[in-house]
Amino acid sequence: MSITSTTPRIIVSTSTGITRRSAGSSAGAGTADLRVAPPRPTSSGVEIVTCDRGPGLLPGEGAPHPRQRLRARDDGEYLFVGLRGTPVPPAGPEPVTLRLAPGDVCFYDVRRPAELDFPQRFRATVFLVPSDLLGLTPSDVRRLTRTPVARASRLGGLLSPLLSDLARTASEARPPVGEMLAWNAVNLLATLAAEQLGAGAPGTPGAPDGQTPVLGRILEYVELHLTEADLSPETIARAHHISVRYLHKLFQDEGTSVGRWILRRRLEECRRDLRRHGRGSRTIAAVAGRWGFTSATHFSRVFRTAYGMSPREWRDSAARA
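All residue numbers for the sequence shown refer to my numbering, where the first residue is 137 and numbers rise by one.
Don't take each hint at face value.
Stated by the list, open to error - Quick list of the computed label-pair ranges, beta carbon to beta carbon: (1) H377 / T305: 15 to 25 Å; (2) I378 / T305: 21 to 31 Å; (3) R257 / S307: 33 to 43 Å; (4) T392 / R282: 40 to 50 Å; (5) Y443 / A365: 32 to 42 Å; (6) A286 / M316: 23 to 33 Å; (7) P200 / R374: 21 to 31 Å; (8) A199 / T430: 44 to 54 Å; (9) G221 / T363: 19 to 29 Å; (10) R257 / A199: 24 to 34 Å; (11) T419 / T273: 46 to 56 Å; (12) T233 / H384: 36 to 46 Å.
Rather than coming from a laboratory, the hints here were simulated on the basis of the structure. Note that beta-carbon positions come from the ideal geometry of N, C-alpha and C, so glycine has one too.
Working from the sequences, and respecting the hints, build out all of it.
Written out as structure tokens, the structure reads:
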């Protein structure tokens, strides 16, 4: 199955170029100046760039921002999310320097990427994503680019390794698997952005210190099977060789339930599809069916409860915007 223009696509570019310090950089850990070749553009989609020894500049569509700098001192892997399709942000009155640690996830605007002040050798994984796929407004983008997600944080501890593994798997994936990975990347990044903006509803499963890693595998499984109408606590528990009671306890400890989490994720995907397709060829019932809803009436009811408007009202308002 090929990937169409309406489905996020993954294009993987791997660089093994050696970085070096540029003239005039500060002593200690200079700024790399060897740039990764820009990825091939797509009409709509997710692209992943992996750099084994670090890019000189982040992949972007314009000159680096004169007042934004990302700084790191330790070797390791760093994750970046380049947001496309947002207005060029004005330079702030004061310089902004963000300090990163290995495993951190940093959002940036591809039209004005930040400058890098990194070790001479590091690994970078860059996700290039249209901001509208993540449901972000220009003000959201401005906030996200100033607040990296720490690997040591609750959600960062869960999603950072998942995003890293996804990028590595994508480098060897065939198109059908690549399509699935593209949706997984969008889903994970949308959840990460919503949590970082404080827009996530209470009851988002995280990864506090000492928590069993089984919850992370369960969340990943849910993402992979979200379109299946028969996804249930019983099928999830059976796939992970645990009891249904223990599964419910894992989610209860996070302030939510299995059913509420699945419903929330399905509604988020339906809302994103309705916004992207507008009044195109896909009907509201078709969108609901794609994400596991078997009843259009039930879907309309829970959508209105969650977002305060009907699916049709949401689609029409998104089209006018």
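Against the structure, the hints:
In this structure the hint that H377 and T305 lie 15 to 25 Å apart at CB holds, the actual value being about 23 Å. In this structure the hint that I378 and T305 lie 21 to 31 Å apart at CB holds, the actual value being about 24 Å. Taking the beta carbon of each, R257 and S307 are about 20 Å apart, not inside 33 to 43 Å as hinted. Judged by the Cβ atoms, the range 40 to 50 Å given for T392 and R282 is violated: they are separated by roughly 29 Å.
The hint said 32 to 42 Å for the Cβ distance between Y443 and A365, and at roughly 22 Å that hint is violated. Remark: the range hint 23 to 33 Å for A286 to M316 is upheld by a beta-carbon distance near 28 Å. One distance hint, 21 to 31 Å for the beta-carbon pair P200 and R374, is violated here, with the actual separation near 50 Å. Against the hinted window of 44 to 54 Å, the Cβ-Cβ separation of A199 and T430 comes to about 51 Å, which satisfies the hint.
At about 26 Å, the CB distance of G221 to T363 agrees with the hint of 19 to 29 Å. About 25 Å separates the C-beta atoms of R257 and A199, a value consistent with the hinted range of 24 to 34 Å. For T419 paired with T273, a C-beta distance near 27 Å fails the hint of 46 to 56 Å. T233 and H384 have their C-beta atoms about 45 Å apart, which keeps the hinted 36 to 46 Å range intact.
Going down the numbered hints, you'll see the structure goes against 3, 4, 5, 7, 11, while the others check out.
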